[in-house]
Amino acid sequence: MRAVAALMLVLMVTRLAAADQATAVYNHACSWCHGKDGRGDGPAAFSINKYRSPRPRDFTRGRFKLRSTPSGQLPTDDDLLRTVERGIPRYMPSFKGLTAGERRQAVEALKRFFPGFESAHPTPVTIPEAPALDADAAVRGRRVYEDAGCAACHGDRGRGDGGSAAALRDDVGLPIRPADFRFPRLFKGGSEPADLYRTLVTGMDGTPMPSYASAIDDPRALWDLIAYVRSLKRR
Amino acid sequence: MVVVRVLVGLSLLLVGFPRDARALPAFARRFNLACGACHSAVPRLNAFGEAFHENGFKPPGTMEVPLPATWQDAVKETMAVWTRGEFFEHSDYGSGPTPRQGFAVPEHASVYVAGPLTTSTSVFLELENTVHETDINKHGDFVNSDTGGAQKAFLMIDLPMLFGLHGGHSMAHMDHMNMDPDHPMDMEMGMATMGDGLVGHGPMVMIGRVDPSTNFSYAVDRQLFHDVPADTSEAVGSGKTAAGGMLLRMPLQPYAFGAKFFGIFKRGDHTLLPTEPALYHTEAAPGVDFHGRLFASKLLYQFGFTSDAAPEFLDRFHTFVPYTMLRYDFGDQDGLNGSVSVLGNFGRNVYKVFYLKPTPLPPILPGTVQPRHTPPPPPGRGFVNAVQDLDVWREGIGGNLRRGPWDMYAAYMYDQVFDVPDRLAGRFERRGQGLTAEVDYRLTHSLVPSLRYDWMKAGGFKSDVIFEPGPRQSQVLHMQMRWYVFEGDNLAKVPVPALLALSVRDSVNLTPGGSEPFGAWRNGVFLGFDLAF
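Heads up: the protein sequence lines correspond to chains W and H, in order.
All the letters of the first sequence, read from the start, carry residue numbers 1 to 235 under the working numbering.
All the letters of the second sequence, read from the start, carry residue numbers 1 to 533 under the working numbering.
Please note that a few of the clues may not be correct.
Some chain W residues judged to face chain H by a derived CB distance under 8 Å, without partners named [what the hints assert, rightly or not]: (1) 25; (2) 33; (3) 46; (4) 47; (5) 48; (6) 87; (7) 90; (8) 151; (9) 155.
Worth flagging that the hints you see were computed from the coordinates, not collected in a lab.
Because the structure is a prediction, the values reported are computed rather than measured.
Virtual Cβ for every residue (Gly too), placed ideally from N, Cα, C.
Extracted from the complex, chain H is given alone in its bound form:
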């Protein structure tokens, strides 16, 4: 944490006061672009931004990017700082305890170091500090803490470039194009050119703590609606860990990408709340990812694996989370363009479930007289805590449709868990579904109203020590207005390169009632901001 704070401070000093202001964070500064070149609305990517990302943080088709000339340029052109979150909240129950409102510290602060290093290799590092992260341990105690560290940290490598198997051009084209035959090297370092057949870009490999969902039609970590962490009642106390209290609010995150099960635990013995992103849709996890394009760039393929939902290092060796994703891009004009993605994702041993099972019978020692028949268990034998690893399978579809100022996207995910203990038959639903759909509209150059709908039919325990019984279905409607005060596109107005966006949103529980966690989910009005430079 100290390291992150020192880096943030250092970056403020180094990046915040450049002599000659240019554009926005690292990539924008390096390529002298405004945000709109890559983003339809920060942080949502447009088609160019997606291609920029796929190409290892370089303009599509390009390979060579000169390294910054001086260390000052290296800082300006590879480092960025981003802080975001809600600074004011007013929320209340559908019925019940007192409303709450007040100002708060923004949840997230990140320092980025990113950019191409060589023709074949790029780096991406994000150090994040998150305050007031709420978790629940296996005893049902709330754990409120600050977290941080390397959120994402990976290398992206263009394998054809690395192995010299890029497309390039034939010498015959030089004659036709009247090109300079004295510089054949130019011809040898060319892009992996696209044609109309079975040719493509990549494969690119990402190694490290990767975010595979960036390639999906609805990227988890590029939301116009901020994530809001889980919230607990005042009874929790001020310590880092406190027993009792109530869960006032599930995390506000897209339901489609949530874990979708009540009463399951990550391998680190902390509850995985149903709305927390999991598997392919975690914001980042250690793994290896391959992606590239085929069929005249229309088809993006992706496969790889992570070790998801395993916060304790040694646990990673027990989990294996392979996935594969195909994305088809359609349209090539502003009139209409978009993509459809399908996903298959298996998680081996990624979840745990705790339950009670009968105390095992005492072992029969060698040499003792074997009874002729199995005796009944002794009376009052009792139960012991037991734990079972669960596998999970996720399948889903996502789509994205853009037309001029419109940007619409949706995702539906269906999760199933396996290896549920027989003891839990009838008490544990092993299927969950989630749907998230969103519409954004560029009303003016600076204003973006958005509407998001979330639906989840959760599985897991139908009742347990943490959550009371009740319907495991939820619908939430979010309305938001986001104002881009500046986006690095008017240096006369804002001489320091920066992004500032303010947002006001209202999240409404469409299925209120009762005290179970979905029904008691609190309506909220939030004021948030994004500041980056």
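Just chain W, same shape as in the assembly:
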């Protein structure tokens, strides 16, 4: 019994402070999928989605889907933190179970993989206050949906089955499926109105989803579109 107790003590006491906590947190929580070098090739990476997109992000490329910054810019720390905390439905768990400090350390560690972060000053887009997203707005949003060509990928009824959906590829050549608006819980960037607004104006870099910041420059039209997309949720 004493021997077992002594062994337990030794195993516990051998927890030395890590030289680099940020790297340690990253290695322990993130590297399984994103890899020790941040290239998105961790030991579990392939099985996340096999031969399809999304696969774990390659941080060394400096392209991030989930941002609050204009297309082509790097994300802010808060953007990265939001992804760490929320996860990505079906593909990445929420890491809210890490402490706030550890989550920030994970963000700090992943930024080291792309030197551009050192000199970048990402600026978030402004998200105006949402108006009432009622049935009238949804009706107007349907017209925006048609005019903006959303149906080409997302399909006439928003089921992710548009004419070009089958041919879509991400920036590494993997087939990628457009979002199915019946299941907002699965939206990668979040399903709240502000989340959808952010996704529409920033686009999702590295995927066929473009930024509509200039194509739809009237915020009211964007909110109408959001009202329509939200109306497609399966009840």
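Could you slot chain H onto chain W? The hints should help.
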């Protein structure tokens, strides 16, 4: 059994028709993930899934997981139902009696309740119902029965978290990281952080009916090839117990993990067939298990004990099965990664052997005249049944190698038994060996072809009342194609969260011939399925 069936039915009602479909069984629903997050091919775990398991069914590094908010969420996010098995079989002898084919009831149905309860403690409970389990009692009679109950039931406790000895961070890092000093609690509940030195995760302790082999490089209970139970000839009859008949097929289970001895018995007086998993590699046994990681997480250590192969409760106090396992993980990229495990496992009094020994001489009563010399035994003295407990030592090595769509694993186990009665000298081989190797390949997103090779050189009785004499070596090749119809990753296609996998496999006896059990082992084509939700 009634309880299991009621639970299965209840779960069907509660879990099968959620209003807002999400992902797959309990863990997937709780963490909103598809199967592929943790499995290379269900039920095989990928590296993330292994770390998830090691961390008490939480994402690696995390400690806090909120409990489900409502009882409906609790059911959805902690309960799962899984049924699996072969629903069609066509099998025949290498030579001999008629081929058999037909549809059958799937062998296994399980209900799971699992998940983290607190920052330090998680629970795992599996209630299983298995139909048509074939056993042989000490008279050589076949016993076909349905079995069930708690297959696995354990608590997993993170000892450092429980005792407040976790890693955490120093306050100095807060300044460096520009963190909020108003929330020091965040700093006190941190993960057991990993570094590059002698630091590690855990130790975690599992208490209850545990499955220690989950941490081995080749986990017993996570096979792409279903186990198929032993089969007996039609002569057995329809009752629960029948004398006579023939053993048509040994259980189809990885040979490396089998008991490897003919003519040995579990302490409950039922035959332990050579191919049935035993010791560390049973699917579950009551015990205590410690495991954790050292050396920058590369080394996983494990030690503990179970009371294995003892189906009768009081017998457990006679057995003691300590084990220790070390696993070294290498590679950290898709290019190449894997692990190597070594195992040492002792089983005290876990097996029994029945044999005949000479009738003992009558006792010499006090007060009787002592003869000057020992008289010879009287003629026709005869023999009586005798029983001897056996100890066993198992040592072995396992390995796992993954590269993108490839997943290869193998295990070799060498078993020796001790305390074999002198009367059995020359008739009982006390060593056995087994090897199992498998290759899986993700051909497409949904198709997984697999190839498995099994080899066993069994020990035990060279002939006995059940098995005829013959070579105790066997080689079997299994080929399988598994089709994941859905894995919870396309809710537009399958709105109810579920896993459905269909498989077709051909198992070929590479060493056929004769009527001894390995030679007569029947080739078989099986259609199987897994359905989980």
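Status of each hint after checking the structure:
For residue 25/W, the suggested interface contact is upheld, since its CB lies about 6 Å from the closest CB of chain H, less than 8 Å. The beta carbon of residue 33/W comes within 6 Å of a beta carbon in chain H, closer than 8 Å, and the hint placing it at the interface holds. Satisfaction of the interface hint for residue 46/W is found here, the shortest Cβ-Cβ separation to chain H being roughly 5 Å, below the 8 Å cut-off. The interface hint given for residue 47/W holds, since its Cβ lies 4 Å from the closest Cβ of chain H, which is under the 8 Å cut-off.
Among the interface hints, the one on residue 48/W holds; its C-beta lies about 5 Å from the nearest C-beta in chain H, closer than the 8 Å criterion. With a least beta-carbon distance of about 7 Å to chain H, the hint placing residue 87/W at the interface is held under the 8 Å criterion. Because the smallest distance between the Cβ of residue 90/W and any Cβ of chain H comes to about 4 Å, under 8 Å, the interface hint for this residue holds. Hint status for residue 151/W relative to chain H: violated, with the closest Cβ pair at about 16 Å, above 8 Å.
Annotation: interface hint on residue 155/W violated; nearest CB of chain H at approximately 10 Å, more than 8 Å.
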